[in-house]
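Input sequences plus hints: build the corresponding full structure.
There are 2 protein chains.
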Amino acid sequence: MENEMEFEGYSCPIPIQPTDTIVLGHGSGGSLSHDLVSRLFLPEMGKAAPRALDDSATFMIGMEKVALTTDSHVVSPLFFPGGDIGKLAVCGTVNDLAMVGAEPIALTCGFIIEEGLPFDILKRVVASMREAAVEAGVFLAAGDTKVVQKGNADKLFINTAGLGRVKPGIEISGTNAREGDVLILSGPIGDHGITVLSAREGLDFETDLQSDVAPLNHLVAAMITAGEVHVLRDPTRGGLATALNEIANQSQKTIENFEQAIPIRPQVRAACEMLGFDPLYVANEGRLVAFVAESDSNKILSEMKKSPYGERATVIGRVTGTVPQVRLKTIIGGTRLIDMLAGEMLPRIC
Amino acid sequence: MENEMEFEGYSCPIPIQPTDTIVLGHGSGGSLSHDLVSRLFLPEMGKAAPRALDDSATFMIGMEKVALTTDSHVVSPLFFPGGDIGKLAVCGTVNDLAMVGAEPIALTCGFIIEEGLPFDILKRVVASMREAAVEAGVFLAAGDTKVVQKGNADKLFINTAGLGRVKPGIEISGTNAREGDVLILSGPIGDHGITVLSAREGLDFETDLQSDVAPLNHLVAAMITAGEVHVLRDPTRGGLATALNEIANQSQKTIENFEQAIPIRPQVRAACEMLGFDPLYVANEGRLVAFVAESDSNKILSEMKKSPYGERATVIGRVTGTVPQVRLKTIIGGTRLIDMLAGEMLPRIC
Chain F
82 MENEMEFEGY
92 SCPIPIQPTD
102 TIVLGHGSGG
112 SLSHDLVSRL
122 FLPEMGKAAP
132 RALDDSATFM
142 IGMEKVALTT
152 DSHVVSPLFF
162 PGGDIGKLAV
172 CGTVNDLAMV
182 GAEPIALTCG
192 FIIEEGLPFD
202 ILKRVVASMR
212 EAAVEAGVFL
222 AAGDTKVVQK
232 GNADKLFINT
242 AGLGRVKPGI
252 EISGTNAREG
262 DVLILSGPIG
272 DHGITVLSAR
282 EGLDFETDLQ
292 SDVAPLNHLV
302 AAMITAGEVH
312 VLRDPTRGGL
322 ATALNEIANQ
332 SQKTIENFEQ
342 AIPIRPQVRA
352 ACEMLGFDPL
362 YVANEGRLVA
372 FVAESDSNKI
382 LSEMKKSPYG
392 ERATVIGRVT
402 GTVPQVRLKT
412 IIGGTRLIDM
422 LAGEMLPRIC
Chain W
82 MENEMEFEGY
92 SCPIPIQPTD
102 TIVLGHGSGG
112 SLSHDLVSRL
122 FLPEMGKAAP
132 RALDDSATFM
142 IGMEKVALTT
152 DSHVVSPLFF
162 PGGDIGKLAV
172 CGTVNDLAMV
182 GAEPIALTCG
192 FIIEEGLPFD
202 ILKRVVASMR
212 EAAVEAGVFL
222 AAGDTKVVQK
232 GNADKLFINT
242 AGLGRVKPGI
252 EISGTNAREG
262 DVLILSGPIG
272 DHGITVLSAR
282 EGLDFETDLQ
292 SDVAPLNHLV
302 AAMITAGEVH
312 VLRDPTRGGL
322 ATALNEIANQ
332 SQKTIENFEQ
342 AIPIRPQVRA
352 ACEMLGFDPL
362 YVANEGRLVA
372 FVAESDSNKI
382 LSEMKKSPYG
392 ERATVIGRVT
402 GTVPQVRLKT
412 IIGGTRLIDM
422 LAGEMLPRIC
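As you go down the protein sequences, you meet chains F and W in turn.
Sequential numbering of the first sequence, starting at 82, is according to the working numbering.
Sequential numbering of the second sequence, starting at 82, is according to the working numbering.
What the hints contain is simulated information worked out from the structure, not anything from laboratory work.
Some clues are possibly wrong.
[Stated by the list, open to error] Listed next, the in silico DSBU-like pairs over lysine-lysine satisfying Cα-Cα at most 35 angstroms (straight line):
| # | chain 1 | residue 1 | chain 2 | residue 2 |
| --- | --- | --- | --- | --- |
| 1 | F | Lys204 | F | Lys231 |
| 2 | F | Lys380 | F | Lys410 |
| 3 | W | Lys231 | F | Lys236 |
| 4 | W | Lys204 | W | Lys387 |
| 5 | W | Lys236 | F | Lys231 |
| 6 | F | Lys248 | F | Lys387 |
| 7 | W | Lys236 | F | Lys236 |
| 8 | W | Lys236 | F | Lys204 |
| 9 | F | Lys231 | W | Lys231 |
| 10 | F | Lys248 | F | Lys386 |
| 11 | F | Lys204 | F | Lys380 |
| 12 | F | Lys236 | W | Lys204 |
| 13 | W | Lys236 | F | Lys248 |
| 14 | W | Lys204 | F | Lys231 |
| 15 | F | Lys204 | F | Lys236 |
| 16 | F | Lys410 | F | Lys386 |
| 17 | F | Lys248 | F | Lys380 |
| 18 | W | Lys204 | W | Lys231 |
| 19 | W | Lys386 | W | Lys248 |
| 20 | W | Lys410 | W | Lys387 |
| 21 | F | Lys248 | F | Lys231 |
| 22 | W | Lys410 | W | Lys204 |
| 23 | W | Lys231 | F | Lys204 |
| 24 | W | Lys410 | W | Lys380 |
| 25 | W | Lys236 | W | Lys204 |
| 26 | W | Lys380 | W | Lys204 |
| 27 | W | Lys386 | W | Lys410 |
[Said to hold, decoys possible] Far from chain F, by Cβ distances over 12 angstroms, these chain W residues were calculated:
| # | residue |
| --- | --- |
| 28 | Ser114 |
| 29 | Glu125 |
| 30 | Thr189 |
| 31 | Gly197 |
| 32 | Gly250 |
| 33 | Thr256 |
| 34 | Gly261 |
| 35 | Pro269 |
| 36 | Gln291 |
| 37 | Glu309 |
| 38 | Ala351 |
| 39 | Cys353 |
| 40 | Asp359 |
For every residue, glycine included, the Cβ atom is placed at its ideal position computed from N, Cα and C.
Pasting the structure below:
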């Protein structure tokens, strides 16, 4: 906070222009996606509240508070080290439910299949969905299959929607960050994005790197039991930088991170340097960032470390003010303003 | 029932072979789809109960009975007389909820967009979704957008999932047909399939024909209030013949229909004759068939006629026995055994 540049009047010198056609960046999860959502979907759906940007919608059915979410998955290739489109589809939706503190209950899955897909591929994908669903403790309640002519889709797309239950008293939302909150990241970032890219392009730097794709609901349940959790988000498309920007905007808070504290595997760092990527923008599918009450942060952190998906959990920052910004204290001592992902870095990463 | 051929030992002389690759027919909603579901999805999802074939899954969340369903929509072209992919996506999911007697509450929508799609197309589709959602009284709770490279999808695919609430005492399922039940069809069949085909191929016989696509939940609510409804189904892909076969199998009942009673518009009949289609297999998106207690059938029928979507509702048949078969008393006095749709008649009809 001391002796740093003043960013409050900052704005991007090259604003993104609205386009007449959909470009890949509209599916990036970054600022073009947000532009599409706020220009088109939210007004048409009659919603503009900040909570509309949470990972799941929450509402009452009778006496029960439920959470509902959806994700389509178009990852290419279908199989990659550590996972496949099926595991990704189940975990992505389970995690979106977990990020509002909901216990995932049931999923639906909609398959769009390109004519000619080998039956065995589909069988492997469905088996993988089942395995992930069993681990998460959700059931696959309903499904649908559409087949399109060869050339009208790329092999296989899977949509999953998820329904969960939010226990009374749980109130987790991107709008709930408070000054003083401690930021905990559950593990190293960038593994998923770099793994998928390596598998797609046949790059050799993958070494033993695997996607982090995993269902995080049990980890979240343990965290909620351990202490006061205000915000949860899984930094998928757009990466950690985009997730933190969303929260900064939803909560109207300043988020300050320490570059040195953010865990990044050497292979990921090397691949990013080679390709000119910033790991802060690379997608994760089994990581979460939590904003927790300072007084409970140690308890929550030690609880997280007991989970296979939180072993390397660590504090990466703090909520320090009310100007909606994400700042990074760099290793060399400066402060960098971290914006949302602008265009598209890695299409079809999930 | 009198003086007719004995079909009980009947089996198709050319059984469908399991294939190694996915073919268009696997998405037809007919017997290849059922084969896929029973060979692959149901075992992997740990379900084999007849109810797994209902339009929506129903289960308890706390004290509330809910219904959950999903459908992906890949219709081509995106716009056709009477509707578009957006209206279709909302109505299809609303209707799947209504078919188990649920009041639709919330939808999710997942868009898979081909790079280069004009923004205006998307805008029109989303506006149309909103309009259908308003009519049905559901809200769009959550959405997701993925963009794939040009050539990796055909313009726009939409998945919708739906959540509804089933009031205590409502028990509607394909397993509940009873001997003596009266079959009511809500209106003429084949309008949707023939309209989409005409629009796609630029055929001229469309005249003033429009898709029947409509949300049927208010019609269903009126029917349930009027009397005892055992089974509801919307004859979408695979048409009326396939829907009735599903119910015959789920309930282990014989369903007997009167060809003369089944309303078919002259344009649809003419188009079917020209193209060699059987209207019984052509898709509908705003029709339902109901199996109701005989004693309540008149009350239910007259209630249906008050709805714009049930004006031409009519009795088309009966449940007559316990051999799972669908029979059609033809106009010329014979009896025809009606099977499920076998291959694929009209791909990408919804």
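Distal placement of Glu309(W) relative to chain F, Cβ over 12 angstroms: 24 angstroms, holds
Lys380(W) paired with Lys204(W) [C-alpha distance capped at 35 angstroms]: Not satisfied, since the Cα-Cα distance of roughly 42 angstroms exceeds 35 angstroms.
Proposed proximity, Lys386(F) with Lys248(F) (alpha carbon, max 35 angstroms): 24 angstroms, holds
Non-interface label on Thr189(W), tested against every C-beta of chain F at 12 angstroms: 4 angstroms, violated
Restraint check for Lys248(F) with Lys380(F), where alpha carbons must lie at most 35 angstroms apart: Cα-Cα ~21 angstroms, so holds.
Proposed proximity, Lys204(W) with Lys236(W) (alpha carbon, max 35 angstroms): Roughly 14 angstroms separates the two Cα atoms, so the pair holds.
Non-interface claim for Asp359(W) versus chain F (Cβ beyond 12 angstroms): 21 angstroms, holds
35 angstroms Cα cutoff - pair Lys380(F), Lys410(F): 25 angstroms, holds
Straight-line alpha-carbon gap Lys236(W) to Lys248(F), limit 35 angstroms: 40 angstroms, violated
35 angstroms Cα cutoff - pair Lys236(W), Lys204(F): 27 angstroms, holds
Agreement of Lys410(F) and Lys386(F) with the hint, judged by alpha carbon distance not exceeding 35 angstroms: 25 angstroms, holds
Pair hint outcome, Lys236(W) versus Lys231(F) [Cα-Cα no greater than 35 angstroms]: 14 angstroms, holds
Hints 11, 13, 21, 22, 26, 28, 29, 30 and 31 from the earlier list are contradicted by this structure; the remaining hints agree with it.
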